[in-house]
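From first to last, the protein sequence lines are chains X, W, L and S. Just so we're aligned, residue 1144 is where the first sequence starts under the working numbering, counting upward by one. Just so we're aligned, residue 1144 is where the second sequence starts under the working numbering, counting upward by one. Just so we're aligned, residue 1144 is where the third sequence starts under the working numbering, counting upward by one. Just so we're aligned, residue 1144 is where the fourth sequence starts under the working numbering, counting upward by one.
No wet-lab data here; the hints were simulated from the structure. Because the structure is a prediction, the values reported are computed rather than measured. It is possible that some hints are incorrect.
One copy or two, it doesn't matter: identical chains are merged, so the pair holds either way.
What the hints assert, rightly or not - Subject to a maximum C-alpha distance of 27 angstroms in a straight line, what follows is the list of computed DSS-like cross-link-like pairs (lysine-lysine):
hint, residue 1, residue 2
1, K1448, K1308
2, K1308, K1401
3, K1413, K1401
4, K1308, K1534
5, K1413, K1534
Protein chains: 4
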Amino acid sequence: MITTEEEAVAAAERIAERLREDVVARDAANENPDREVQLIREAGLLPILVPAELGGGGLDWSAVLRVVRPILRADASIGHVLAYHYLNSWRTILNDRSDRVHDLWADTARHGWFWGGAGNPRDEGLVLTPDGDGYRVSGRKFFATGASVADRITASGTVAGTGEKLAIVIDGRADGVTHPLDWQNMGQRLSASGSVTFENVAVPAAHVLGASDQEGAGYRPFASLSILFFQLLLSHLHVGIAEGAIEAAAGYARSATKPWPTSGVDSALKDPYILGTLGELVAATRASDALVWRATELATAAVAKGWDLTDGERGELAIEITAAKVDSTRTVLDVTSRAFELTGARATTTSHGFDRFWRNARTITLHDPVVYKSKELGEYVLTGAYPTPSKYS
Amino acid sequence: MITTEEEAVAAAERIAERLREDVVARDAANENPDREVQLIREAGLLPILVPAELGGGGLDWSAVLRVVRPILRADASIGHVLAYHYLNSWRTILNDRSDRVHDLWADTARHGWFWGGAGNPRDEGLVLTPDGDGYRVSGRKFFATGASVADRITASGTVAGTGEKLAIVIDGRADGVTHPLDWQNMGQRLSASGSVTFENVAVPAAHVLGASDQEGAGYRPFASLSILFFQLLLSHLHVGIAEGAIEAAAGYARSATKPWPTSGVDSALKDPYILGTLGELVAATRASDALVWRATELATAAVAKGWDLTDGERGELAIEITAAKVDSTRTVLDVTSRAFELTGARATTTSHGFDRFWRNARTITLHDPVVYKSKELGEYVLTGAYPTPSKYS
Amino acid sequence: MITTEEEAVAAAERIAERLREDVVARDAANENPDREVQLIREAGLLPILVPAELGGGGLDWSAVLRVVRPILRADASIGHVLAYHYLNSWRTILNDRSDRVHDLWADTARHGWFWGGAGNPRDEGLVLTPDGDGYRVSGRKFFATGASVADRITASGTVAGTGEKLAIVIDGRADGVTHPLDWQNMGQRLSASGSVTFENVAVPAAHVLGASDQEGAGYRPFASLSILFFQLLLSHLHVGIAEGAIEAAAGYARSATKPWPTSGVDSALKDPYILGTLGELVAATRASDALVWRATELATAAVAKGWDLTDGERGELAIEITAAKVDSTRTVLDVTSRAFELTGARATTTSHGFDRFWRNARTITLHDPVVYKSKELGEYVLTGAYPTPSKYS
Amino acid sequence: MITTEEEAVAAAERIAERLREDVVARDAANENPDREVQLIREAGLLPILVPAELGGGGLDWSAVLRVVRPILRADASIGHVLAYHYLNSWRTILNDRSDRVHDLWADTARHGWFWGGAGNPRDEGLVLTPDGDGYRVSGRKFFATGASVADRITASGTVAGTGEKLAIVIDGRADGVTHPLDWQNMGQRLSASGSVTFENVAVPAAHVLGASDQEGAGYRPFASLSILFFQLLLSHLHVGIAEGAIEAAAGYARSATKPWPTSGVDSALKDPYILGTLGELVAATRASDALVWRATELATAAVAKGWDLTDGERGELAIEITAAKVDSTRTVLDVTSRAFELTGARATTTSHGFDRFWRNARTITLHDPVVYKSKELGEYVLTGAYPTPSKYS
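Only chain X is shown next, with the shape it has when bound in the complex:
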């Protein structure tokens, strides 16, 4: 059992090393990341956010995100599913029936469960039909990151007839769960982000977590942390991808970029433009990184407050995360495109696969339109109003 950040980071770095070896081939093959998740499971990294008293690693969110980072750099898809695993397992606590979460967490630690999610807010909702003291769930969700490799899937559904909305957990291996494996996209190709369909899948009472109160009239600040954490994780993805792109381009430049004939220098490492451009990319990435961590510390503190979290504290956190999202979006798009200025034309072969950084960045930065995040930030500065808690804010 991993119980310290140091051990966890070291394990993550070993995994990153393994992933980096064949990331280009795996990106091209676009298969379901079963082996990658198994690698992480075997390293013992899946339960590090579970409280120690429930058999987990007992790390906090800041520590967990420091663990995720090296994996994001090496293979942003796998870092993505891992980060979402932590969030999907953790956010079960943000609902009414938090009493039912301890068993889920203990089992996560005991069995090394991997968690996915099926909550894309722009789809039709899932339908719940009462069945004994539990339910049966049916429906389809797109962009269900991690679901196709998950032991447990975090979701929500609406009870047929009553219209009651309930947070639920679905056994990813249960009868009636199918994964079309239809995530055939230009980036984040190994992020298992395809659709999932549920056909009359059993949801026992122990997996019914009650109302979530994330938005609307009955909104509660702590319950609504879920959406903020998704936005925070996206910012970590952005920075991790930018760092990975710089690492890869700098590595290539060190060994393979030839000095340009009219540069007047005998090594690409002395080319003033390569150096200057690299410096600009690194500076932007460090700034985005600093803001992402500032937001992460605020988020970790918010978690510690639990249900005592106030509206204002939730609002301040939302604003900091929003700023991090806006800023890191610009950074990662710029970095992953300009990094090629360090490498030159010969680095465009598919064997290097350096385009994956931009493809990953361009895909994940479209999660929700960043300009509406800028707008929320502008509204806050002009009017003092925090973003209205919603599916994306």
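Chain X is fixed; fit chains W, L and S onto it per the hints.
Below, chains W, L and S without anything else, positioned relative to chain X:
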């Protein structure tokens, strides 16, 4: 025989329509563009730059580039090989033995020859061994755009022993010519830009075009137009790719982009940010386009001057083309990345293949490091010195 | 009488030379540009757009804008009032009573009249009271560029009681015309862009030009060219200011910028970053310039069509001018700020006054919010709709 | 005596409020900031960095920079001289004769001394002539920020004959010290950054601090912190100016920006473009701010290590500060120019003086060419080499 710009543009638009239909699949398959070139051949577009008195279309360079543009928009790889075809066939006239070019051009018109090139200046040169009144050529060239689909290949070689440098033409179907088809790159995937090897390939006297005088002490302005035209074509590629990306993204936005929940509008076509961003991309593209055409008109006029072209005229042309290259590089990188802001996350599926625009742009903009073009431009403005004619200027 | 473009450009260049000598001091003093206008009057440049048969220079708009450009480079304020002079005198023809314009133009040629305008659409309108066969006009207009140095002021007013809207011309020296000289702004300080008040000022019948039909139900394409020309002139201002900033910074760099200690070069003229940056600025400026001239040629052709101008032709022109405005706005803001990278800290003294380029640019680019121009352009590309003719489009 | 950060920040905020009231008028008047410094002196803010045991406030550098920030936002010139005051008084400790510093610091606390500097490395050095057990100093220094309002001036000089280089302190009120008040520049106009001349000025032994070992063979990490702190302060200036510009533009937008006619909204506070732009500016500023503080915490820790500071620790700090400088430079230039998009044309009057933010930013960002900072950062990433300690690194 196509002899007017109107006919030629209409034919090009029909080809563009055909290419657009399966460009995504062909981009993924990454095969040698034999069928695409055949399509263009059958449309009669290959000899339009050949003088009318030699049986060609008799169009000038400005007209020819207006013909290439729709193809660039639809499939930048194919537009690329086509543009290079015109340049590789035409630039034979820029050498000492221009008397030998008329037959080559007449045959181009008669047989519908396609021309490739094998001239990457950063490789070892080809070696010529005297053989009768001609030569045998051996060696390898990388980035030999169009060579693998070419009837004739424009090249140059150094005579073993004497060191004399000669422009030559090589029969692309001759014994000893092999194409490893090793262009497995992230962009411009159908541009037939792999390497070519020559093993003791016969080069008859009629294919030996003499000294080229493109640079160095004996440099002559007209002879050195070749390199400027390559740079000009690259700028056309940039603008064509940007136009194609805008066209594709706007097409998607018209039919498929959903209005964002918090946008307050009922159609993506009314989303202020989508509209504003599109306008910015279009404005930048139009500006780059205007400069590219200004440079093209200057280039067409320079061709008309022939060997009377002066140093100063060559210099002014070089500066205008350089400016067009620098500006269009920025535009196409920006446009192809930001165009996704019009379409959103669902447009990232590989079935749409919208990432090809950026992949094409990022690949072709690395042809030679654009910052050294900016440097030349800066030197000119500060000191009045035109770029020194060379392999890239 | 100047009747050729060459003479006119030569005269403009001499004036530019004079203006450049003390532009910094005049910018600081912020006085009404009486002497500057007198200089231009004496050079014979005021009537060059007046038809030759009415005693003017007979140049077309393209020629006139080539004349304005050197003055814009040297002193953007004075280029501004001069460009507006041409437009304010010319746009009198765009109204119902074009029969009354010939005398006004002939007098412009005969007396060397300078024309200003008082038409800011965001103010209250001027009120016209019938007085014999003419009117009396009262009211106040802000941003009345050129009015305070004008012999004649182009304006429009609403007839009290009837609500009829009429284009009028006002004698700038008449009783009741006062100029508060309240243009105390950070840029375009000598552009005489303050307010003007009219108190019961006589407007004889010969100065009443009838309905203007620029927008709304009775809109006529030719009548509405006025607003497009204002937008076109703004784009010329942008490019002229950018060219001026580059010229000034390059001039300083040539003589005064010291090589940076760690640059490894013995002259700032060899500093790779100074050269590269300058090249980028020049490339962007040339691209904006090319688009502005393409729009200008279209505009000159539209003028030649007169009342036969169609909706579609007006629309195409509007789009090209809009693109030029959007693109040149970005260019001039970037160039005037980054030009300092060529000069370094010592160039920030007020004696050099190099900040005037950015101050001018930032002021004039706010004429109307450029993002709404981008929006119109985006709407056109997405929907095919031309901008609705209005006060700003 | 102020001894807590809270008191100090509160005092700084009161001063900021006072300064904001007439900053536009004082910026225009460009006088020596005697009254402003007196205001700060009276508030008791000058000795807060002096150790408590010497009668000072005992705050550390992080706290002191939190105190400076509100003043930077309100009046960047005054924040500039204040930040430099702290550095000029503190950096006396970085020399051989640290035993002589305690008296200087105690006197700073006792008398409320204000410290300036006279150390611009690109000028000729000052000359020291032995005089008793002290020296006489002569020479001239440019860009001597704060010297003209200083009680004590930190400097260094070379002993005539021996060539020994010594750190010294000069009494700013002593005979022979003259201030031409020649800082007539476009930005940071009240920063007292003109030249200072010394004519045979007495430097008693107590003011001779010995060798400084900042660079070259005998370089010591702690001694060389001085230059890093100057760079760090510049980054704080950048962020403070950006924050000030946003504050001012948002304030104007709240009360005075009119909704644009075609915006479809009834208040500028709802204009999607104003909100989106503001959000982008805020996000970039927050990211720069986060990085600046991360660097500041590292710097404060480095100070705590004193002479035990290692090469590697100094190097890591240099890199983080360099990244902060590069990133904040881009941010402040962008923010201060684009902030006008929130306000529109009417906000360009000199009465608002909103151009001062860009003028301040553009001036201070030229302190040393930022691209050479990017280059150092790139070198570090490519080669692992820390910047060589020098006058600017």
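Hint by hint, here is what the structure shows:
no.	hint	verdict
1	K1448 to K1308	within (26 angstroms within a copy, 57 angstroms between copies)
2	K1308 to K1401	between (61 angstroms within a copy, 25 angstroms between copies)
3	K1413 to K1401	both (11 angstroms within a copy, 22 angstroms between copies)
4	K1308 to K1534	within (14 angstroms within a copy, 52 angstroms between copies)
5	K1413 to K1534	between (49 angstroms within a copy, 21 angstroms between copies)
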